[in-house]
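**Q** Spelled out from the first residue to the last, the chains are:
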Amino acid sequence: MDFSTTITLNGLIQQFLVGLSRTTILFIVSSGLSLVLGVLRIPNVAHGSLYMIGAFLCYSISTLFGAGSTGFWLAVILAPLGVALISLAAERGLFCHLYDREHLMLLLFTFALMLLCRDAVKIIWGSNYRSLSPPEILQGSLSILGMPFPKYNLFLLGAGPVVALGLWFLIHRTKIGKISRAAAVDRDMVGAVGINVSWVFASVFVIGCFLAGLGGALVAPTQNITQGMDHTIIMEAFLIVIIGGLGNVWGALLGALIFGLTDSIGILVWPQFSIVFPYAVVVIVLIFRPKGLLKATW
Amino acid sequence: MLRIESLCAYYRGNQALKGVSLEVQQGEVVSLIGSNGAGKTTLLNCISGLHTDRTGEIWFREKDVSRAQPHDLVMLGLVQVPENRQLFGPMTVEENLQMGAYLRSGKMTGVMLRKEVDRLLERFPALRSRRKQRAGTLSGGEQQMVAIGRGLMSDPRLLMLDEPSLGLAPMIVQEIFSIIKQLQREGCTILLVEQNALGALSLSDRAYLLETGRLTMSGQSSTLIADKRIRRAYLGHDLET
Numbered sequence: 002m003d004f005s006t007t008i009t010l011n012g013l014i015q016q017f018l019v020g021l022s023r024t025t026i027l028f029i030v031s032s033g034l035s036l037v038l039g040v041l042r043i044p045n046v047a048h049g050s051l052y053m054i055g056a057f058l059c060y061s062i063s064t065l066f067g068a069g070s071t072g073f074w075l076a077v078i079l080a081p082l083g084v085a086l087i088s089l090a091a092e093r094g095l096f097c098h099l100y101d102r103e104h105l106m107l108l109l110f111t112f113a114l115m116l117l118c119r120d121a122v123k124i125i126w127g128s129n130y131r132s133l134s135p136p137e138i139l140q141g142s143l144s145i146l147g148m149p150f151p152k153y154n155l156f157l158l159g160a161g162p163v164v165a166l167g168l169w170f171l172i173h174r175t176k177i178g179k180i181s182r183a184a185a186v187d188r189d190m191v192g193a194v195g196i197n198v199s200w201v202f203a204s205v206f207v208i209g210c211f212l213a214g215l216g217g218a219l220v221a222p223t224q225n226i227t228q229g230m231d232h233t234i235i236m237e238a239f240l241i242v243i244i245g246g247l248g249n250v251w252g253a254l255l256g257a258l259i260f261g262l263t264d265s266i267g268i269l270v271w272p273q274f275s276i277v278f279p280y281a282v283v284v285i286v287l288i289f290r291p292k293g294l295l296k297a298t299w
Numbered sequence: 552m553l554r555i556e557s558l559c560a561y562y563r564g565n566q567a568l569k570g571v572s573l574e575v576q577q578g579e580v581v582s583l584i585g586s587n588g589a590g591k592t593t594l595l596n597c598i599s600g601l602h603t604d605r606t607g608e609i610w611f612r613e614k615d616v617s618r619a620q621p622h623d624l625v626m627l628g629l630v631q632v633p634e635n636r637q638l639f640g641p642m643t644v645e646e647n648l649q650m651g652a653y654l655r656s657g658k659m660t661g662v663m664l665r666k667e668v669d670r671l672l673e674r675f676p677a678l679r680s681r682r683k684q685r686a687g688t689l690s691g692g693e694q695q696m697v698a699i700g701r702g703l704m705s706d707p708r709l710l711m712l713d714e715p716s717l718g719l720a721p722m723i724v725q726e727i728f729s730i731i732k733q734l735q736r737e738g739c740t741i742l743l744v745e746q747n748a749l750g751a752l753s754l755s756d757r758a759y760l761l762e763t764g765r766l767t768m769s770g771q772s773s774t775l776i777a778d779k780r781i782r783r784a785y786l787g788h789d790l791e792t
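Residue numbers (my numbering), protein chains in the order written: chain C, 2 to 299; chain X, 552 to 792.
Bear in mind the hints are in silico, worked out from the structure with no lab data behind them.
Quick reminder that beta carbons are idealized off the backbone N, C-alpha and C, glycines included.
Warning: the hint list may mix true and false statements.
[Unchecked claim] Residues of chain C clear of chain X, computed beta-carbon distances all greater than 12 Å:
1) I124
2) G127
3) S142
4) F150
5) V186
[Claimed, not checked] Cross-link-like lysine-lysine pairs, in silico, BS3-like; alpha carbons within 27 Å at most:
6) K683/X with K666/X
7) K779/X with K569/X
8) K666/X with K732/X
9) K296/C with K179/C
10) K666/X with K179/C
11) K569/X with K179/C
12) K296/C with K176/C
13) K296/C with K683/X
14) K176/C with K569/X
15) K614/X with K569/X
16) K732/X with K779/X
17) K666/X with K176/C
18) K292/C with K179/C
I would like the entire structure built from these sequences, with the hints used as guidance.
**A** Next up, the structure:
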């Protein structure tokens, strides 16, 4: 096996950029998962299903409005909101009665919700895969260092930091963010200083699920929208949350970077075994930092 | 202001409180003393709505609050400063104090909230330089001050302090007690739970003694402090008598 002939600096940089745009999606989805896990202590297995629903909704809304640019942008905004609405109904109707139960119950419950979502998607959209093209302005590619790079991926590269900044602002500068951080530390005490915890939990759950929907909507033009895109992402998102530090939103950013980049660079280095690299990194991180890279609270 | 009628509390079938009735009047400092495990914290948690496995009546400001949620009680002005402070460790001192005021902050702008924090910090000079420091990195005494400060931020009618002297060095305990005295002079109504019976009795107006879930003695603090049985069991004066 000869590595040197296949790896050029340009190729490496391009693969790095591809990895970064993939990281964007992973970060958006896993930060939502992490938020819900950190504040509500719910290991939401159905998070990936909401991501899938976000992608399908994005497809449907976009086609509804004529599959053009306007349709796409509307879909990117409306699809996550639709997912947020679904999650609000799930939280107020179902989850809010279960917070006092043990973890296992919550886990089983979200598992059931995942199965329900999967069937709902099958019933509504059928089992064929769908595909969505990016809006005109983001079609085609740009030449970066003499190599073509899809414009849509560049857009994702920009979207990542925007979402991260928005999330930072939400967590550190707003009332709901500060309450969420406090609730992640000591839930009872938040009630004891006079805050209606149930309302805070609902908001955090909806925000977390909105992020899943946003990830799904943004990923839609880059891949086939299929049944089964839920369980690939949920696996990856959980691993990212685990190596980043359970419940730490910035850990999710770090984890997504590590996971996304080792994945894309791995393809370049050793294509036949590329799938192994991110998981190997997860194992290595957990050997040295069993509790994840960052502390559980943020 | 606060009236409790025949309160019983249970932990998985074990009875922790066996018919407790007590009263706190406006402007009074009432202390609740008793040894470890007597049920003092359980009593406070019942009042603040955190412990729900109970029977009996709790009246606060002429309202029956026996079934009220913790946040509703805070809104009525009943605030608990819990045992072991329970600060939000990774958050800054300022943020911890803001959490206490969130109930009112709907009507407050950011500037007003900052002023409110400034005003509170005048009471605790030791905390002034710690404003941006993480609460979890403070010393025990400073953490207790933040916990009391967080409670004061919601402008309570009745402040319930649970073991404020717990685990603190004697000098720091004096400092905390002098803060409580200061609050008393300002007219705060306080229900003080303490294992440190001498400290609690010497600064409160009235006191109750809680023993294995029952109130066994009550009266003026000055009377209790002179009582032989209390002196022997709780003040460590058995050799003198």
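**Q** Please go over all the hints and tell whether each is borne out by the structure.
**A** Comparing the hints with the structure gives:
| no. | hint | result |
| --- | --- | --- |
| 1 | I124 | 40 Å, holds |
| 2 | G127 | 46 Å, holds |
| 3 | S142 | 44 Å, holds |
| 4 | F150 | 40 Å, holds |
| 5 | V186 | 5 Å, violated |
| 6 | K683/X with K666/X | 15 Å, holds |
| 7 | K779/X with K569/X | 25 Å, holds |
| 8 | K666/X with K732/X | 24 Å, holds |
| 9 | K296/C with K179/C | 17 Å, holds |
| 10 | K666/X with K179/C | 19 Å, holds |
| 11 | K569/X with K179/C | 39 Å, violated |
| 12 | K296/C with K176/C | 22 Å, holds |
| 13 | K296/C with K683/X | 19 Å, holds |
| 14 | K176/C with K569/X | 41 Å, violated |
| 15 | K614/X with K569/X | 23 Å, holds |
| 16 | K732/X with K779/X | 26 Å, holds |
| 17 | K666/X with K176/C | 17 Å, holds |
| 18 | K292/C with K179/C | 24 Å, holds |
Going through the hint list in order, the structure does not satisfy hints 5, 11, 14.
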